[in-house]
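A.B. asks: Sequence:
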Amino acid sequence: MAAGPIAERNQDATIYVGGLDDRVSESLLWELFVQAGPVVNVHMPKDRVTQTHQGYGFVEFMGEEDADYAIKVMNMIKLYGKPVRVNKASAHQKNLDVGANVFIGNLDPEVDEKLLYDTFSAFASDAAIEAMNNQYLCNRPISVSYAFKKDVKGERHGLLAAQNPLSHADRPHQLFADAPPTMMGPMMMAPPPPPTPTPLPPPGPPMNARPPPPLPMSAPPPPPSSMPPPGPPPPP
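In full-length UniProt numbering, the protein residues as written are 1 to 236.
Since the hints were derived computationally from the structure, they do not count as laboratory data.
Each residue gets a CB set at the ideal place from its N, CA and C atoms; glycine is no exception.
There's no promise every hint is true.
Cβ-Cβ distance ranges computed for the label pairs, FRET-style [to be verified]: (1) N106 - Y80: 35 to 45 Å; (2) A131 - T196: 51 to 61 Å; (3) V34 - M76: 18 to 28 Å; (4) G63 - A127: 29 to 39 Å; (5) P83 - E31: 15 to 25 Å; (6) L79 - D12: 16 to 26 Å; (7) N134 - W30: 37 to 47 Å.
Please model the complete structure; the sequences and the hints are all you need to start from.
C.D. replies: Okay, here's the thing in C-alpha cells:
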C-alpha cells in the first residue's frame with residue numbers, strides 16, 4: 001500500500017493530504033480516496049523513533065484527472081472531527097514549484113511537502129516573495145520568486161512580476177540610484193581646522209636678576225624763617 005520512492009511516483013497524479021488525526025491510517029485514506037478514483041498507492045511518512053505518522057500523507061491515483069477531482073471534492077472534509085487539507089503534491093527535488101505561482105530554489109533535501117505547505121500556506125504569492133526570499137529554511141538560504149508561466153515563454157506569474165519584469169535577483173546591484181558614488185576615504189575628507197593658539201602670559205623678571213637699588217632718602221626740610229634758630233637765648 002505504501003508508495004515507493006518519490007522519483008517513481010506519478011507526481012501529476014499524486015495528492016498531498018495534511019492535518020490528519022493520529023488515528024488515521026493508510027487503509028482509511030485508501031478507502032476514503034478510492035471514492036474519487038482508482039488509487040495506486042498510499043504513503044504516510046512515519047517518525048523513525050515512534051513509528052507514528054506525522055500528520056500527513058500522499059495518495060497516488062491512476063491519472064491526473066482523478067487527482068484533480070479528489071482535490072475538488074475532498075479538500076477540508078473532516079476525519080475524526082479535524083478538517084484535512086488536500087492539494088497537489090510536489091516532487092521532492094532541489095527546486096520546487098509551489099502551486100502555480102511561486103518558485104522556491106536551493107531547498108535542503110530534508111524539506112518535504114508538509115514543511116513547505118506549513119511555511120507558505122499563510123502567504124499570498126507577493127507576500128511570500130517579500131517575506132521569505134533569502135530566508136533560511138533547514139539552515140539553508142532559499143530563493144523565492146515568481147514561477148514562469150507554462151504557456152507563455154519568459155513570462156512570470158504575479159502582479160509584482162508584471163510591474164517589474166526583472167526580479168531583484170536579475171537586476172544589477174545598484175548602490176546609488178540618483179547620484180554617482182562619492183568617495184568617502186581619507187583623501188577626500190576636508191582637513192581639520194588648525195588649533196586655536198593659546199595666549200601666553202607676559203614674561204616676568206629673569207630668575208638671576210639683581211634687585212633694584214634703594215631710592216636715596218631726601219634731607220629734612222629747613223625750619224620756618226619766623227622761628228629763631230636753635231641755640232642759647234641772646235643776652236638781655
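A.B. asks: Evaluate each hint against the coordinates.
C.D. replies: Verification of the supplied hints:
{"no.": "1", "hint": "N106 - Y80: 35 to 45 Å", "result": "holds, 37 Å"}
{"no.": "2", "hint": "A131 - T196: 51 to 61 Å", "result": "holds, 56 Å"}
{"no.": "3", "hint": "V34 - M76: 18 to 28 Å", "result": "holds, 19 Å"}
{"no.": "4", "hint": "G63 - A127: 29 to 39 Å", "result": "holds, 34 Å"}
{"no.": "5", "hint": "P83 - E31: 15 to 25 Å", "result": "holds, 18 Å"}
{"no.": "6", "hint": "L79 - D12: 16 to 26 Å", "result": "holds, 25 Å"}
{"no.": "7", "hint": "N134 - W30: 37 to 47 Å", "result": "holds, 41 Å"}
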